[in-house]
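Peer 1: Based on the sequences and whatever the hints tell you, model everything.
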Amino acid sequence: MKYEDIYGVIRDIPKGRVATYGQIAELAGIAGQPRRVGYALSALKPDSGVPWHRVINANGEISERSNPKVETLQRRMLEREGIVFSREGKVSLTRFQWRPKN
Numbered sequence: 004m005k006y007e008d009i010y011g012v013i014r015d016i017p018k019g020r021v022a023t024y025g026q027i028a029e030l031a032g033i034a035g036q037p038r039r040v041g042y043a044l045s046a047l048k049p050d051s052g053v054p055w056h057r058v059i060n061a062n063g064e065i066s067e068r069s070n071p072k073v074e075t076l077q078r079r080m081l082e083r084e085g086i087v088f089s090r091e092g093k094v095s096l097t098r099f100q101w102r103p104k105n
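Everything in the sequence shown is counted per the numbering used here, starting at 4 for the first residue and increasing by one.
Just so you know, these hints were derived from the structure itself, not from any lab.
Treat the hints with care, since some could be wrong.
[Claimed, not checked] Below 30 Å or equal to it, Euclidean Cα-Cα: the simulated DSBU-like pairs (lysine-lysine) are:
id, residue 1, residue 2
1, Lys48, Lys93
2, Lys5, Lys72
3, Lys93, Lys18
4, Lys48, Lys104
5, Lys18, Lys48
6, Lys72, Lys48
7, Lys93, Lys72
8, Lys72, Lys18
9, Lys104, Lys5
10, Lys5, Lys18
11, Lys93, Lys104
12, Lys18, Lys104
13, Lys5, Lys48
[Stated by the list, open to error] Restraint ranges, calculated between C-beta atoms of paired labels, are given here:
id, residue 1, residue 2, range
14, Asp50, Thr75, 16 to 24 Å
15, Gly92, Lys5, 27 to 35 Å
16, Ser69, Lys93, 19 to 27 Å
17, Gly32, Arg90, 34 to 42 Å
18, Ser69, Arg102, 26 to 34 Å
19, Gly85, Lys5, 30 to 38 Å
20, Arg90, Ala34, 31 to 39 Å
21, Glu7, Pro103, 12 to 20 Å
22, Gly35, Glu7, 17 to 25 Å
23, Lys48, Thr97, 27 to 35 Å
24, Leu47, Lys93, 23 to 31 Å
25, Lys104, Glu74, 29 to 37 Å
Every residue gets a Cβ at the ideal spot worked out from N, C-alpha and C, and that includes glycine.
Peer 2: Okay, structure coming up:
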């Protein structure tokens with residue numbers, strides 16, 4: 004299992020949709036290992052073209068980072084794609100979660 008497998012799944016998330024760390028792990032063949040998705044994203048190069056901002060946690064929230072500016076950037080990027088946040092800062096997974104066709 005290479006990070007590139009994870010990145011490949013993330014590249015498939017369409018604009019205006021989100022996926023959870025656990026969902027990405029399952030689709031990448033490492034079900035039950037959402038932290039590995041987080042590790043892969045933390046190793047991502049800035050110019051990779053991987054839409055990292057479309058990955059959120061299972062609660063529909065942007066995960067906390069050591070640098071809060073990244074959280075702000077991620078929210079802005081998602082909002083530009085039409086993702087709507089509740090007053091509590093959550094995304095409706097019912098409405099915005101990517102559901103790939105098998």
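Peer 1: Each of the hints needs a verdict: does it hold here or not?
Peer 2: The hints, checked one at a time:
1. Lys48 - Lys93: Status holds; Cα separation ~27 Å.
2. Lys5 - Lys72: It holds: about 28 Å lies between the C-alpha atoms, which stays within 30 Å.
3. Lys93 - Lys18: Roughly 18 Å between the alpha carbons, so the hint for Lys93 and Lys18 holds.
4. Lys48 - Lys104: Cα-Cα ~29 Å, so holds.
5. Lys18 - Lys48: Roughly 20 Å separates the two Cα atoms, so the pair holds.
6. Lys72 - Lys48: holds (17 Å)
7. Lys93 - Lys72: holds (18 Å)
8. Lys72 - Lys18: holds (22 Å)
9. Lys104 - Lys5: holds (23 Å)
10. Lys5 - Lys18: At roughly 24 Å apart (the allowed maximum being 30 Å), Lys18 and Lys5 satisfy the hint.
11. Lys93 - Lys104: holds (25 Å)
12. Lys18 - Lys104: This hinted pair holds, its Cα atoms lying about 16 Å apart.
13. Lys5 - Lys48: Measuring from Cα to Cα gives roughly 15 Å; hence the hint holds.
14. Asp50 - Thr75: 16 to 24 Å: With a Cβ separation near 20 Å, Asp50 and Thr75 satisfy 16 to 24 Å, so the hint holds.
15. Gly92 - Lys5: 27 to 35 Å: holds (33 Å)
16. Ser69 - Lys93: 19 to 27 Å: At roughly 22 Å between Cβ atoms, Lys93 and Ser69 fall inside 19 to 27 Å, so the hint holds.
17. Gly32 - Arg90: 34 to 42 Å: holds (37 Å)
18. Ser69 - Arg102: 26 to 34 Å: Cβ of Ser69 to Cβ of Arg102: about 31 Å, so the range 26 to 34 Å holds.
19. Gly85 - Lys5: 30 to 38 Å: holds (32 Å)
20. Arg90 - Ala34: 31 to 39 Å: holds (33 Å)
21. Glu7 - Pro103: 12 to 20 Å: holds (18 Å)
22. Gly35 - Glu7: 17 to 25 Å: holds (20 Å)
23. Lys48 - Thr97: 27 to 35 Å: The hint (27 to 35 Å, Cβ to Cβ) holds, given that Lys48 and Thr97 are roughly 33 Å apart.
24. Leu47 - Lys93: 23 to 31 Å: This hint holds: roughly 24 Å between Cβ atoms.
25. Lys104 - Glu74: 29 to 37 Å: holds (31 Å)
Against the hints set out earlier in the document, no violation occurs for any number.
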